[in-house]
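Peer 1: Each chain, letter by letter, is given below.
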Amino acid sequence: MKRSLKTEKSGPASSGKEGLARKRAFRKDRELYDQGVVDRGEVGKRGKDGKLPPGVTHEVVEGEIVRTRYSAV
Amino acid sequence: MKTKRAVATVRKVAAGAGASAAAQIHAWENDPFAQATPTNPPVQATPIARPVPNLGSTPLAIGISSPQPPPQVYNTGTPEFRYWAATEALGRGRDFWRGILPAGTNWYTTVGPKLIVNLDNGVDLNAYYDRHNLDFFHGSAGGMTVYSGESPDVVCHELGHATLDALKPALFNAGFIETAAFHESFGDMSALLSALQTTQMRHDVLAETHGHLARSSSLSRLAEQLGWAIRQSSPSAVDPDCLRNAANSLFYRDPSTLPPSAPASSLSSEPHSFSRVFTGAFLDALAGMLHVVAHGRRPTEAELHAVSKKAADYLIGAIENATVVPTFYSQVAAAMVHRAHPADKHAVVGGFVQHGILSLPAAASAIAGTARVTAAAAAAPVSTKPSPDLEDVTIDGAQYGFGTQTLLVHGMAEGAGFRASAAVLGVGAMPQPAPEQAAKDFLEDLIQLGRIELKVSGTTAGAFALTQPKSSRLKTHEIVKEGTFLRLRRVRFDCGFDCGCSGH
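Line by line, the protein sequences give chains A and B.
Numbered according to our numbering, the first sequence spans residues 14 to 86.
Numbered according to our numbering, the second sequence spans residues 152 to 655.
None of these hints come from the bench; they were simulated from the model.
It is possible that some hints are incorrect.
Stretch by stretch, here's where chain B covers chain A in the computed footprint (C-beta under 8 Å, at least three residues) [stated by the list, open to error]:
id: 1; segment: 43–55
id: 2; segment: 79–86
Incomplete in silico selection of chain A near chain B, CB under 10 Å [said to hold, decoys possible]:
id: 3; residue: Gly29
id: 4; residue: Lys64
id: 5; residue: Gly68
Far from chain B by the CB rule (all over 10 Å, computed), these chain A residues [said to hold, decoys possible]:
id: 6; residue: Gly32
id: 7; residue: Leu33
id: 8; residue: Arg35
id: 9; residue: Lys58
id: 10; residue: Val73
id: 11; residue: Glu75
id: 12; residue: Gly76
Beta carbons: idealized from backbone N, C-alpha and C, even for Gly.
All chains, full assembly: derive it from the sequences and hints.
Peer 2: So this is what it looks like as structure tokens:
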């Protein structure tokens, strides 16, 4: 499964060594995030009724793990 | 399937000037359950009388998908009661945030002008915000049916997600552990702050905690009923007294070193679990601000009301200015300190220091406004292995809020071992710290734990901890003047059981 590195407006742009370090940190955190989502079974598909199963908060959209909702538990 | 029904005595609550009995409904203060230790079966809370809310007003209009029953008093356990309980919670939370958010804030674009709420969308012990609706559910547990939309704590948590999404949409799918956890924390902070918007709740929590808001109470215990329902089938999945308790002592850890899931008694990188660190810090900051404004006496409900609005204002301002990065917690914390009124800065920073979200040097920088804070990063104390006596270690006091004075830390054998060989989850052992670093770590631990008594006048030293209610804890060390230096010295050992044993 392709891991998403996509973020929306994730901090100011930077270049050089600092920029590379920032990108590495972002990538590492995003990979851990995605792995946690998968490990906990929070990624799923919608049923025929269009609803997500209980506890599922993420879907795979065009090969990327995307959050589609937040839950209370 | 049995639905719990009760005709409870209704508490008389001021509904606002000019409100008539006909313009009132009954609702829950903050949850259908309010017991510190749930009995079997649990006892329901007492409904309160509230004015009829108007959810359709703009901006941030809300609509309920199911038909509206006539606004009047209904018995608990009925669909009509649940409708108005949810509506009242939505109105209370929305009105509160609408008064704090920047002008022009609207729901996220896909929500549209009106946030639609489905009060019972099927079977699940949960609730969701999906950038279109708020969805609540029902589930069976312990011989009764629990409706997540009946709890103001749950309703205001979900409303918090929608509110934060309106303010900072970049957070929704940022994909970092801390941003996801912060979203959950904001939901819980929304529940806490919304609960404080009734006069009766403020009176109740001040009486229950004797004015010490950081104590575990009906305020800090979030979603007692939903927590109870989940506990019936998964006893370790939630806190023992509620879904999540904001009165906690959970300390920041780099979430990448935490397991992806864990029982509620432990910290994990799962967003709801990790959210408890920030929520705990926020409650402590709130309690610290209240402590400051009360000047040592018991705070009034009016003071609590004002403090709740100030804390929310600091929080919203901080979120607006915080950069979306993996270390989002410390970004928001530093920005909150920056935004806080000078009289509140030490109280705000104290909450974050005591939960490790801001390291002490970062906290000092945030207060001084001299540096951008980039990392939290306080590691947990680990080893108790004793270390040999060391010479005096000098520490630059400015890093810890001691101004230009130098601090001497002597006889590190009594505590330096706390950091002698720090283990890091999943990586191995931390490098052995140099004596100066060990001394700094030890000093940080003492301040974060509120263990130091300051015996030097005319300095702000240690103010991070001293403005916190926890500073009433048994002091094991003191800071005294020694020539031109400040000296940290131990005054007693604490066995941890409040037996009064002393190291003198």
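Peer 1: Confirm or reject each hint.
Peer 2: Quick rundown of the hints versus the structure:
| no. | hint | verdict |
| --- | --- | --- |
| 1 | 43–55 | holds (count 8) |
| 2 | 79–86 | holds (count 8) |
| 3 | Gly29 | 17 Å, violated |
| 4 | Lys64 | 8 Å, holds |
| 5 | Gly68 | 7 Å, holds |
| 6 | Gly32 | 13 Å, holds |
| 7 | Leu33 | 15 Å, holds |
| 8 | Arg35 | 8 Å, violated |
| 9 | Lys58 | 15 Å, holds |
| 10 | Val73 | 13 Å, holds |
| 11 | Glu75 | 13 Å, holds |
| 12 | Gly76 | 14 Å, holds |
Hint compliance for this structure: hints 3 and 8 are not met, and every other hint is.
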